[in-house]
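There are 2 protein chains.
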Amino acid sequence: MILTVTLNSAVDQTWIVPDFRIHAIHRSRRVIRQPGGKGVNVARVLSALGINVCATGFVGGQNGRWMTKALESDGIPSDFVWIGKETRTCLTLLDLDHGTQTEVLEPGPTVSEAEWKQLVAKVATWAEQSSFVACSGSLPPGVPENAYGELIGVARSRGAAVWLDTSGKALQHGWSARPDGIKVNQEEAGHLLGKVVSSRAETIAAARALVRDIGQTVIVTAGSQGLAAVVGEETFWVTPPTVQAVNPVGSGDAFLAGWLAASHQKKSGEEALALATACAAANVLRETAGIEKQQVWALLKEVRVEKVID
Amino acid sequence: MILTVTLNSAVDQTWIVPDFRIHAIHRSRRVIRQPGGKGVNVARVLSALGINVCATGFVGGQNGRWMTKALESDGIPSDFVWIGKETRTCLTLLDLDHGTQTEVLEPGPTVSEAEWKQLVAKVATWAEQSSFVACSGSLPPGVPENAYGELIGVARSRGAAVWLDTSGKALQHGWSARPDGIKVNQEEAGHLLGKVVSSRAETIAAARALVRDIGQTVIVTAGSQGLAAVVGEETFWVTPPTVQAVNPVGSGDAFLAGWLAASHQKKSGEEALALATACAAANVLRETAGIEKQQVWALLKEVRVEKVID
Chain A
1 MILTVTLNSA VDQTWIVPDF RIHAIHRSRR VIRQPGGKGV NVARVLSALG
51 INVCATGFVG GQNGRWMTKA LESDGIPSDF VWIGKETRTC LTLLDLDHGT
101 QTEVLEPGPT VSEAEWKQLV AKVATWAEQS SFVACSGSLP PGVPENAYGE
151 LIGVARSRGA AVWLDTSGKA LQHGWSARPD GIKVNQEEAG HLLGKVVSSR
201 AETIAAARAL VRDIGQTVIV TAGSQGLAAV VGEETFWVTP PTVQAVNPVG
251 SGDAFLAGWL AASHQKKSGE EALALATACA AANVLRETAG IEKQQVWALL
301 KEVRVEKVID
Chain B
1 MILTVTLNSA VDQTWIVPDF RIHAIHRSRR VIRQPGGKGV NVARVLSALG
51 INVCATGFVG GQNGRWMTKA LESDGIPSDF VWIGKETRTC LTLLDLDHGT
101 QTEVLEPGPT VSEAEWKQLV AKVATWAEQS SFVACSGSLP PGVPENAYGE
151 LIGVARSRGA AVWLDTSGKA LQHGWSARPD GIKVNQEEAG HLLGKVVSSR
201 AETIAAARAL VRDIGQTVIV TAGSQGLAAV VGEETFWVTP PTVQAVNPVG
251 SGDAFLAGWL AASHQKKSGE EALALATACA AANVLRETAG IEKQQVWALL
301 KEVRVEKVID
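If you're matching them up, the sequences are chains A and B in order. Be aware that the first sequence starts at 1, since it is given in UniProt numbering, and climbs by one per residue. Be aware that the second sequence starts at 1, since it is given in UniProt numbering, and climbs by one per residue.
Extracted from the complex, chain A is given alone in its bound form (with noise of 0.2 angstroms):
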């Protein structure tokens, strides 16, 4: 099985309003309400994709018992730590017209000491029947810098393979403590590495920069224009299907799913980044995230996986 990891769990909110304007009043169409955080949307599509799954991380108040039984009506197992404040809510403004997304994300609650202990204590557990933990998203107030590092340890103590999706101060920290692997954008490559990255020959080298210091998988992400993946001994550059994304809040984290899944099925790198990037194409069709299985296998034929030879 596989755990997710999602410190700053979220209400995800997604509103849709036509011509959304600044300064305006609207009356939204719709309002779709999904539990949310990174971590989440990753245990979503793993489980849409048949993987057994089970999520974890911190959820409090009102929002934290709706988001529990959500998932449960989902079909979604989780296992969470229950904190004494209440779980934050994200939004995103939709306007379908003129195809912009907005969001606005609340600063989460804070995390007691006690609180993060337990937290820790359950990745330990999980992660002794669980080929993957996947931690995901930023870091709420109230955890240590390092938290990333820690659960690291822990989690691979147990015989655990660990991923890493965050940014800023945690993603530095994390890095520290050297996670199985990582998955960053361009952006975030360039601050790990001090340089900048943005042509697809310096996404690449800095995919293979990365993996020196790690030893493990890097995939570093250049939005539409594909990605770049060191696996092993081997380096790949990935160019996704052209789609006409609807909403892309999400396709990260489905990227990661699909990448998880693979990997768990012993599927080769090759393999395995098709099905993340199928994953990843099939989230942005939609305007909450997760995926329609039958849309990722359809995109799955139009994705390229071009080994990197030089």
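For the record, the hints were derived by calculation from the structure and aren't laboratory data. Wrong hints could be hidden among the right ones.
Restraint ranges, calculated between C-beta atoms of paired labels, are given here [to be verified]:
id, chain 1, residue 1, chain 2, residue 2, range
1, B, Arg-30, A, Gln-118, 25 to 33 angstroms
2, A, Glu-233, B, His-23, 35 to 43 angstroms
3, B, His-98, A, Leu-193, 55 to 63 angstroms
4, A, Lys-69, B, Gln-129, 38 to 46 angstroms
5, A, Gly-61, B, His-23, 28 to 36 angstroms
6, A, Ser-73, B, Thr-110, 19 to 27 angstroms
SDA-like cross-link-like pairs, simulated, lysine to any residue; straight-line CA separation at most 25 angstroms [what the hints assert, rightly or not]:
id, chain 1, residue 1, chain 2, residue 2
7, A, Lys-169, A, Asp-213
8, B, Lys-85, A, Asp-74
9, A, Lys-69, B, Trp-66
Backbone N, C-alpha and C fix where the C-beta goes; we use that ideal spot for every residue, glycine too.
Place chain B on chain A using the hints.
What follows is chain B alone, placed relative to chain A:
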């Protein structure tokens, strides 16, 4: 006492978002949640002014439970009809640096016929002990088009005077039932009369024309310009204080609350208009709907009420 009726209540969320832009990702500085809907805002200001009040209308689901608890802890008495569906949420995205307020309203939940009948019965019961009933805001799906007309009839037959503050079809129907007072803006007055209402002279003429139809009190607001009021035989023009607006959401409701509070205490039309205008001005100084009583007293000195003689 005074009864406020909110058929389309809402949890109002005010998101403080620095540098708010379309198609960007923002971290909100903080989110303020408040029981809302126009009648609930009226009740909040009446309560702050020390008037005995009760808020009724429809609430449902998790948002409804949150709302009634929050009203209770704010000391605002309420007696809502519980519906099967979930109370909606309304967003205000407040960019304090650029002085913009972007509002997004969720569609209201559908109300059943049985729930509507319960509401009519509740209004009848409370109207017996009320001097005024304030009917504010839009109609949710499911209630009759002439909902306000029915409530006006029921409340008046129990001895209460009814004020109406709504728009569109709900206003047209309510209007036909001859409420004891209405507050409309220039645009709504223009719709009722079938002409453009823009200048001070047109605003005064509109208030006089409207009062001929219902024979009671009519207030036509003209934004920051001021407002025209016909109270019995007298016509007034009111110039509000100049204030630096933070968030105007709820200022029309604060106005109505000030008017009703003064009327309930048998103050003159002139005094009631001054208090109402000071309440509206105090409301825009805050991030959320409501007033600070001390600000109202300070602003009261700066309101100019002139009798229009011609």
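* Among all the numbered hints in the text so far, which are the ones the structure does not match? -> Result: hint 3 breaks, nothing else.
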